[in-house]
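**Q** Sequence:
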Amino acid sequence: MEGKLKPAQIFGDGMVLQRNQNVVIWGEGRNNSNITVSINGHKVSTKVIECKWSVEIPRMEAGGPYTLSISDNFEEVVYEDVMIGEVWLAGGQSNMELELQNSYEGIKEVKAADNDFIRFYNVAKIATLEETDLEEEAKSIWNKVNSDIAGKMSAVAYYTAKKLQQELGIAIGVIDCYWGGCSISCWISEEYMESDMNAHIYFTEWQELVGEKSIEEYEEEVKKFDIELKRWIQKEEELKEDNPDITMWDVIELIGNCPWERPVGYKSPKRPAGLYHTMIQRIAPYTIKGVLWYQGEEDTGKAAIYDKMLYKLIEQWRKDWKNEALPFYIVQLPMWIEKGAEDDKSWAVLRNMQRKVTQTIKNTYLIVLIDCGEFDNIHPLDKKTVGLRLALQILKYSYEYKELYVEGPKYLQRDLKDGRIVLYFEHVCDGFEIKGDKRINLFEVAGCDKEFVEADAVIVGNTIEVSNKQVKNPKYARYGWTNYGIVNLFNGKGFPMEPFMTM
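Every letter in the sequence shown is one number past the one before it in the working numbering, and letter 180, counting from 1, is 1128.
Do not rely on the hints blindly, as some may be mistaken.
Okay, derived cross-link-like pairs now, SDA-like style, lysine to any residue, Cα gap no bigger than 20 angstroms in a straight line [to be verified]:
| no. | residue 1 | residue 2 |
| --- | --- | --- |
| 1 | Lys1310 | Ser1346 |
| 2 | Lys954 | Gly1012 |
| 3 | Lys1000 | Val1408 |
| 4 | Lys1270 | His1225 |
| 5 | Lys1267 | Glu1245 |
| 6 | Lys1256 | Gly1213 |
| 7 | Lys1386 | Arg1362 |
Simulated restraints on C-beta separations [unchecked claim]:
| no. | residue 1 | residue 2 | range |
| --- | --- | --- | --- |
| 8 | Ser986 | Glu1189 | 20 to 26 angstroms |
| 9 | Gly1129 | Lys1188 | 35 to 41 angstroms |
| 10 | Lys1188 | Asp1397 | 26 to 32 angstroms |
| 11 | Pro1192 | Asp1324 | 35 to 41 angstroms |
| 12 | Glu1053 | Gly1379 | 26 to 32 angstroms |
| 13 | Val1158 | Asn968 | 44 to 50 angstroms |
| 14 | His1225 | Glu1185 | 28 to 34 angstroms |
| 15 | Glu1168 | Lys1386 | 45 to 51 angstroms |
| 16 | Thr1015 | Asp1144 | 26 to 32 angstroms |
| 17 | Asp1324 | Gly1379 | 53 to 59 angstroms |
| 18 | Asn1021 | Glu1078 | 40 to 46 angstroms |
| 19 | Asp1291 | Lys1270 | 22 to 28 angstroms |
| 20 | Lys1270 | Gly1129 | 37 to 43 angstroms |
| 21 | Glu1290 | Glu1189 | 39 to 45 angstroms |
Since the hints were made in silico from the structure, they are not lab data.
Backbone N, C-alpha and C define an ideal beta-carbon position, used for all residues, glycine too.
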């Protein structure tokens, strides 16, 4: 209500606040009233201007539980069981959204989950700021991980947080903020996208997609979709009731994939900039350590400009969180192709755009997953590998666990030599390892015509030599440049080689 003391919805009992950084607390209040915020011996005050207020609590060491008090001249809001620790934002689309209970061996993990030092907040999935959506947002709370609630947490975020908590020994907070089937354009403001000509296509295509569809037509489509989705969920629940240990693979085999392609219209979460306003702006600038970003499947049709969009997202979020060095850990798309589909290389191109961003923007890191995809399943169920690889890179680069091996071979440079290309790499560790078939898969070479053909690859120490008898003077090489393929090349620590192209 206007004039009433109202901290932002994300603040609540059981929350985790970021250690060793000034913590931003904000909200609404009675105009010109004085706000006082206190926690752990710190007390800061400010004045409400135009019904809004914001304070910064000086940095604190990890600890808790504490009580956070926010008061004005008329009332007080008190939050209990507040921890000081590490806070991470988990963003993206359906592969970040996939719940722990639906992941591979997730039921087993849920049954054993019991850790008060891992806490998560699910940002309400709302596509508008209408009253009914805000009522839904008001239901969002901070949860402690236990067997009753852990199943609803992002599987990727859960495994990441679990490993971080084990290693750091302090409270880990995760802000889950995602929506399946939504492109990167949904998470960036109109202002930032309009400053780049590449982004205009998203607005143009959206207008063409929605067309002259009336509000009534859109709402009827949504109604039909919700009925279909409800039926699928009911069937899923019945299967799980009959067999609590049933895997998601078996569920899909019996009743098919969950309906996920929502109708588009004026309230659709898929509209450009929509989720930026209804989700991101609802939680920024809640002080965080960094961002886990697993997204891109929806943008493979525009793979060639994905780097430009990701640049914009990182730039905007760093501004919104008032941290120009905010770390981004970017999960690279795995292998995938739909049964019967032609390999148009779009996933390979988008992977390369993700790689390009991490090579050009400081404090961005790439988690390679080309060995983790599933044929004809865009939602691979092994999320433990994803979470652990994320956690290892975070430990090394954000917490200075310098001794850790956290990634696979990365291309450095090439030499052209006697009809072959000699490729040099970093992060080879204990040497290359070929799993399964001893012939190395997924290398290609091309001459000046840039027509790539499959290549023979030979390991020579910490280099790989590639060639093809049909290409007398190979000039370019690439690896993993396919939507889906069998990966068998790793380093001695078990991490897959990063896909690349020498052009």
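**Q** Let me make sure I understand: some of the numbered hints might not hold for this structure. Which ones are they, in numerical order?
**A** 2, 3, 5, 6, 7, 8, 9, 10, 11, 15, 16, 17, 18, 19 and 20
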